[in-house]
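Residue numbers (the working numbering), protein chains in the order written: chain A, 1 to 151; chain B, 1 to 153.
Just so you know, the hints here were simulated from the structure itself, not pulled from any lab data. Hints may be right or wrong, so weigh each one.
What the hints assert, rightly or not - 30 Å max Cα-Cα, derived DSBU-like pairs, lysine-lysine:
(1) Lys90/A <-> Lys134/B
(2) Lys51/A <-> Lys146/A
(3) Lys54/B <-> Lys120/A
(4) Lys88/A <-> Lys54/B
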Amino acid sequence: MIDKNGTPVEVLLVEDSPGDVRLTQEAFRDANSSLRLHVASDGVEAMRFLKQEGDRADAPRPDLVLLDLNLPKMDGREVLAQIKNSAKLKSIPTVILTTSDAEADVAKSYQLQANCYLTKPVELDTFETLVKNINDFWLTRVQLPKQKQDD
Amino acid sequence: MKSIDGNYVPKEVLLVEDSPGDVRLTMEAFRDANAPIHLHVVSDGVEAMEFLKKGGDRASAPRPDLILLDLNLPRMDGREVLAQIKADPILRMIPTIILTTSEAEADIAKSYQLQASCYLSKPGQLGAFESLMKSISEFWLQSATLPPQRSIT
Chain A
1 MIDKNGTPVE VLLVEDSPGD VRLTQEAFRD ANSSLRLHVA SDGVEAMRFL
51 KQEGDRADAP RPDLVLLDLN LPKMDGREVL AQIKNSAKLK SIPTVILTTS
101 DAEADVAKSY QLQANCYLTK PVELDTFETL VKNINDFWLT RVQLPKQKQD
151 D
Chain B
1 MKSIDGNYVP KEVLLVEDSP GDVRLTMEAF RDANAPIHLH VVSDGVEAME
51 FLKKGGDRAS APRPDLILLD LNLPRMDGRE VLAQIKADPI LRMIPTIILT
101 TSEAEADIAK SYQLQASCYL SKPGQLGAFE SLMKSISEFW LQSATLPPQR
151 SIT
């Protein structure tokens, strides 16, 4: 989706399962040809991307983060806490996208101010529909914050 | 949508909106939704906080599963309501969606900084407004997992 300034929308997917990454990429590709999907496969890489550090110094600031909870090196709960405790990062909409439907995970994520919590369905076509719904709601309906680099 | 314990429990939605026309449209859009919804309406920011804090004659108000919040409200505006919701350790868990005519960048930026779940600009035309309400209902009341009511004491 191109925003009003003609810039493509940047989405960071934080997901360690290559299969789920592939499915998400394909579902987004079908839904939205102007989206740039970036992938981090563990929590440490996610934070490096978001802080634009090291090998991710040129990373764009995402318009939306899709965050799995169960990740190697630093789990998604910690990533969420770091995002929401950062004055610079906390206004980036961060949507939890995880297999966990545990009440404790849902409650904790909302307590930490996750913008939304989505439980990944098991069936392929339902998963594709969910990605399409994420695209429709967050990338066509919602007003996303403008990505100023110097907040 | 089934709640976690498997029962079909209606969702409690609080609409904070002072325009009777917009209230009416929202009620109709939600009436057509697939999920059972109890829509509660308050028309200013003071009433919103009374509902949420269960003050006064709102003592038996249910805690909402979702809040739709206009910014421009009488008595206490939506920006202040959002700030108060987010300052409360229990209320801040409730997904709060800003739904407003304002498209000002400052309002958008501030709302996200204050941790609104998302910001939606109300369209002027009826059809587009109805379509937006339908998409809110489908995404938040069917696709999304909302916070459990039970774990909050």
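Results for each hint:
Proposed proximity of lysine 90/A and lysine 134/B is supported: the alpha carbons are some 28 Å apart, at most 30 Å. For the hint linking lysine 51/A to lysine 146/A, the alpha-carbon distance of about 17 Å falls within 30 Å, and the restraint holds. Distance hint between lysine 54/B and lysine 120/A is unfulfilled; the C-alpha atoms sit about 34 Å from each other, more than 30 Å. Distance restraint check for lysine 88/A and lysine 54/B: the Cα-Cα separation of roughly 34 Å exceeds the 30 Å cut-off, and the hinted pair is therefore not satisfied.
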